[in-house]
Amino acid sequence: MYLVAVCSCPVGIAHTYMAAANLKKAAKKKGIEIKVETQGATGVEDEITKEDIARADGAIIASDVKIKGMDRFESVPTMSFKVSEPIKNAEAVIEELMEALG
Amino acid sequence: MAEIQRKKKKSTGSIVKDAVMTGISYMIPVIVGGGVITAIAKMMGGYNIGADAANMENLAQVIYTIGNNLFGFAVPCLAAFIAYAIADKPGIAPGYAMGVLAGTMKTGFVGALVGALLVGWLVLQMKKINVPKALQGIMPIMFIPVITTLVAGLIMWYIIGVPIAWLMGIVTGWLTALSSGSRFLLGAVIGAMIAFDNGGPVNKTAALFVNGLNADGFFIPTSAKMCAGMTSPLGIAIATFLGGKKKFTDNEREQAKSLFILSCCYVQEGVIPFQLKDPVRLTTCICIGGAITGGLCMALGLESPAVHGGVFSVAMTSNPLLFIGLWVLGGCITGVLYAIVKKPLPEDYEEDDMDNLLIG
Numbered sequence: 001m002y003l004v005a006v007c008s009c010p011v012g013i014a015h016t017y018m019a020a021a022n023l024k025k026a027a028k029k030k031g032i033e034i035k036v037e038t039q040g041a042t043g044v045e046d047e048i049t050k051e052d053i054a055r056a057d058g059a060i061i062a063s064d065v066k067i068k069g070m071d072r073f074e075s076v077p078t079m080s081f082k083v084s085e086p087i088k089n090a091e092a093v094i095e096e097l098m099e100a101l102g
Numbered sequence: 001m002a003e004i005q006r007k008k009k010k011s012t013g014s015i016v017k018d019a020v021m022t023g024i025s026y027m028i029p030v031i032v033g034g035g036v037i038t039a040i041a042k043m044m045g046g047y048n049i050g051a052d053a054a055n056m057e058n059l060a061q062v063i064y065t066i067g068n069n070l071f072g073f074a075v076p077c078l079a080a081f082i083a084y085a086i087a088d089k090p091g092i093a094p095g096y097a098m099g100v101l102a103g104t105m106k107t108g109f110v111g112a113l114v115g116a117l118l119v120g121w122l123v124l125q126m127k128k129i130n131v132p133k134a135l136q137g138i139m140p141i142m143f144i145p146v147i148t149t150l151v152a153g154l155i156m157w158y159i160i161g162v163p164i165a166w167l168m169g170i171v172t173g174w175l176t177a178l179s180s181g182s183r184f185l186l187g188a189v190i191g192a193m194i195a196f197d198n199g200g201p202v203n204k205t206a207a208l209f210v211n212g213l214n215a216d217g218f219f220i221p222t223s224a225k226m227c228a229g230m231t232s233p234l235g236i237a238i239a240t241f242l243g244g245k246k247k248f249t250d251n252e253r254e255q256a257k258s259l260f261i262l263s264c265c266y267v268q269e270g271v272i273p274f275q276l277k278d279p280v281r282l283t284t285c286i287c288i289g290g291a292i293t294g295g296l297c298m299a300l301g302l303e304s305p306a307v308h309g310g311v312f313s314v315a316m317t318s319n320p321l322l323f324i325g326l327w328v329l330g331g332c333i334t335g336v337l338y339a340i341v342k343k344p345l346p347e348d349y350e351e352d353d354m355d356n357l358l359i360g
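From first to last, the protein sequence lines are chains A and B.
Going by our numbering, the first sequence opens with residue 1, and the numbers climb by one from there.
Going by our numbering, the second sequence opens with residue 1, and the numbers climb by one from there.
If you're looking for bench data, these hints aren't it; they were derived computationally from the structure.
Mixed in with the good hints there might be a few duds.
Unchecked claim - Derived DSSO-like pairs: lysine-lysine, alpha-carbon spacing no greater than 30 angstroms straight-line:
{"hint": "1", "chain 1": "A", "residue 1": "Lys88", "chain 2": "B", "residue 2": "Lys128"}
{"hint": "2", "chain 1": "A", "residue 1": "Lys50", "chain 2": "A", "residue 2": "Lys30"}
{"hint": "3", "chain 1": "A", "residue 1": "Lys68", "chain 2": "B", "residue 2": "Lys17"}
To be verified - Facing chain B, from chain A, some residues (calculated, C-beta under 8 angstroms):
{"hint": "4", "residue": "Pro10"}
{"hint": "5", "residue": "Val11"}
{"hint": "6", "residue": "Gly12"}
{"hint": "7", "residue": "Ile13"}
{"hint": "8", "residue": "Ala14"}
{"hint": "9", "residue": "His15"}
{"hint": "10", "residue": "Met18"}
{"hint": "11", "residue": "Asp64"}
{"hint": "12", "residue": "Val65"}
{"hint": "13", "residue": "Lys68"}
{"hint": "14", "residue": "Pro77"}
{"hint": "15", "residue": "Thr78"}
{"hint": "16", "residue": "Met79"}
{"hint": "17", "residue": "Ser84"}
{"hint": "18", "residue": "Lys88"}
{"hint": "19", "residue": "Ala100"}
Each residue gets a CB set at the ideal place from its N, CA and C atoms; glycine is no exception.
One chain only, chain A, in its complex shape (with noise of 0.2 angstroms):
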């Protein structure tokens, strides 16, 4: 299991981070591997390239704002979350996520 993710936030100084934190811990624990992009006030890091994407079992974007290159996604099955949501819970995202994918 691969999963690809993004996170954004209005500001891209605090939540963004947190939630890409949460994200890798959580992923961590259930035994998956993740690649997590941020999309901050700094712009782009970690970028998911089109390796990433031709692996990668579905994809987490936990965004409230319109994050850049969404288009990428177009082959992998995606599931769009609030950046508050890996915060609280990043489990619980990724749960529903891998429920979905079956």
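Got chain A sorted already, so can you dock chain B onto it with the hints?
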């Protein structure tokens, strides 16, 4: 896109909200950059430098003009990126048009917001039209910007903008004529909202209102916003200091040290890890502290031309000592209250995951 729908479908309301948040997200660096630079100029050349800055006779006036030019982009930038969030790249140019038009019509940030939503929707509809292949290439660079800007612009000017301009006139008139009692109330509401969710949607809504007024030339609510926002990290830091080992973990007390610095920089987000662990009690305390500070800022007529900057822009407010006093007062109120109501740690407490949460 292979979007999986969640059980709750995305409503029109949340699409609008995401678009507005995107606009704010791109506007913030413009407001902060422009606001702080003009404030620096005010520090150098006196509080009323704006009046004759156009002469460009000295460095302060030049600096003021540089900052003020950037600040002039705040409302257009908000509109441009709201439209961008709805309609992608083709939305940007018509969005800018709506923002600038709002300035001309004196409809302020409300007019810009409505115009941007309207023009964004129009662009989206035009993108759906099937055109002959030969015309496809020039649709986004020729027809879309011309037609949508013209249509939305005329609608704003002749129809929608009229009641908004009237309403903004009333609001600004009302704000200038407020008695000190009602000013306190308004400031308290602003302060409580700013403190409420530390950079979340409620905070951003209040900030949008205040920054919009700031862009329209009202600087008093800005001091209520910034000062109240600075009280919550300071308050929690004070609370961990007062509460000590019995009420806070080692990690929390370590984190609280950075809250002092974050408070000085007017960055509230550091409070969130604490807030998530104890939402009701903590939110109540920071709202009380924020409301008192915000209310007093407005009742006493404290002006802050800079919308951000924390202690770095204190010198630019109309009364720096008062600003610091109200900041510390609100922080102490929040801190003492929270130190009292916070439950002591259980005897067998172990550090949990949340304690290691990153602060961005």
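Tested hints:
Of the pairs offered as hints, the one joining lysine 88(A) and lysine 128(B) is violated, with about 38 angstroms between alpha carbons and a cut-off of 30 angstroms exceeded. At roughly 25 angstroms between alpha-carbon atoms, lysine 50(A) and lysine 30(A) fall within 30 angstroms of each other, so this suggested pair holds. The suggested pairing of lysine 68(A) with lysine 17(B) holds, with an alpha-carbon distance near 17 angstroms, which does not exceed 30 angstroms. This hint holds: proline 10(A) has a C-beta 4 angstroms from the nearest C-beta of chain B, less than the 8 angstroms allowed.
Residue-level restraint check for valine 11(A) holds (minimum Cβ-Cβ distance to chain B is 6 angstroms; threshold 8 angstroms). The closest approach between the C-beta of glycine 12(A) and any C-beta of chain B is roughly 7 angstroms, which is under the 8 angstroms cut-off, so the hint is satisfied. Taking 8 angstroms as the C-beta cut-off, the interface hint given for isoleucine 13(A) holds, the closest approach to chain B being about 5 angstroms. The closest approach between the C-beta of alanine 14(A) and any C-beta of chain B is roughly 3 angstroms, which is under the 8 angstroms cut-off, so the hint is satisfied.
Hint status for histidine 15(A): holds, given a least beta-carbon distance of 7 angstroms to chain B, under 8 angstroms. The beta carbon of methionine 18(A) is positioned within 8 angstroms of a beta carbon in chain B (closest approach about 6 angstroms), and the interface hint is therefore held. Given hint, aspartate 64(A) at the interface with chain B, holds; its Cβ is 5 angstroms from that chain's nearest Cβ, closer than 8 angstroms. The interface hint given for valine 65(A) is met, as the beta carbon of that residue sits about 4 angstroms from the closest beta carbon of chain B, less than 8 angstroms.
Taking 8 angstroms as the C-beta contact cut-off toward chain B, the hint placing lysine 68(A) at the interface is violated, the least distance being around 10 angstroms. The criterion of a C-beta within 8 angstroms of any C-beta in chain B is met by proline 77(A), whose closest approach is roughly 5 angstroms, and the hint holds. The restraint placing threonine 78(A) at the interface with chain B holds, with a minimum CB-CB distance near 5 angstroms, inside the 8 angstroms limit. For methionine 79(A), the interface hint holds, the least distance from its beta-carbon to any beta-carbon of chain B being 5 angstroms, beneath 8 angstroms.
Given the 8 angstroms rule on beta carbons, the hint for serine 84(A) holds: about 7 angstroms separates it from the nearest Cβ of chain B. Contact between lysine 88(A) and chain B, as hinted, is supported at the beta carbon level, the nearest pair being about 7 angstroms apart and thus within 8 angstroms. For alanine 100(A), the interface hint holds, the least distance from its beta-carbon to any beta-carbon of chain B being 5 angstroms, beneath 8 angstroms.
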